[in-house]
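Using the sequences and the hints given, assemble the complete structure.
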Amino acid sequence: MLRLVFCGAVWVGAAPSLEALAGEIFRYRDPNGVLHFSNAPTDHRFNRVRPGERLPEDSGNDSGTDLGVTASPPPRNGSSPEARARVNGPSRGDVAKRGRVRAVAVPPPTLVRMIEETAIRYRIEMALLTAIVRAESGYDPQAVSRAGAKGLMQLMPETARSLGVRDVFHPKQNLEGGALYFR
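The numbering used here applies: residue 1 is where the sequence shown begins, and numbers increase by one.
No lab work stands behind these hints: they were computed from the structure.
Distance windows between CB atoms, simulated:
no.	residue 1	residue 2	range
1	Ile120	Phe46	31 to 39 Å
2	Ser38	Arg113	31 to 39 Å
3	Phe169	Arg45	33 to 41 Å
4	Asn39	His170	31 to 39 Å
5	Phe37	Phe182	15 to 23 Å
6	Thr42	Asp167	37 to 45 Å
7	Arg113	Asp43	37 to 45 Å
8	Gly148	Arg48	38 to 46 Å
9	Met126	Asn39	23 to 31 Å
10	Phe169	Arg113	14 to 22 Å
11	Pro109	Phe37	25 to 33 Å
Only a predicted model underlies this, so the values are computations on that prediction, with no experimental measurement involved. Ideal Cβ positions, reconstructed from N, Cα and C, are used throughout, including at glycine.
Next up, the structure:
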């Protein structure tokens, strides 16, 4: 009983310092418009993020948070390839030429359903799986990195084979292989 009281007192005494630690997040926006976050700033451009503070508004995003990308409206039938690329992300050729992926703000509904089903099947938080896909491929199932990683979850060919993924560009296979690897 005394041990329980002591542990409770330690926890109550530590609570304010835990709250202070949670607020030690810093951010800055680089010249390319990318937001950088850190708990240990290494650059004078970092500013402290205050608890409850909203991120800067972005003219293309009315959600109150800056995703670092501009949301584009869905393409109309017969729209230009450039307009489709803004919504669907870069083609495999674009990624190979530029070596980087430009993420789209919102994944297509079919991809959202696939991510949700995969998250449930592999018992991974949907938000986490979605964040991985966004960071790795920008929701582009045809993404290819300079190193040769491919698809939504950016699986290396040998890893994909070992996970039973036959077509790394097939969104469902890539998601399942990536989720299995992550688990």
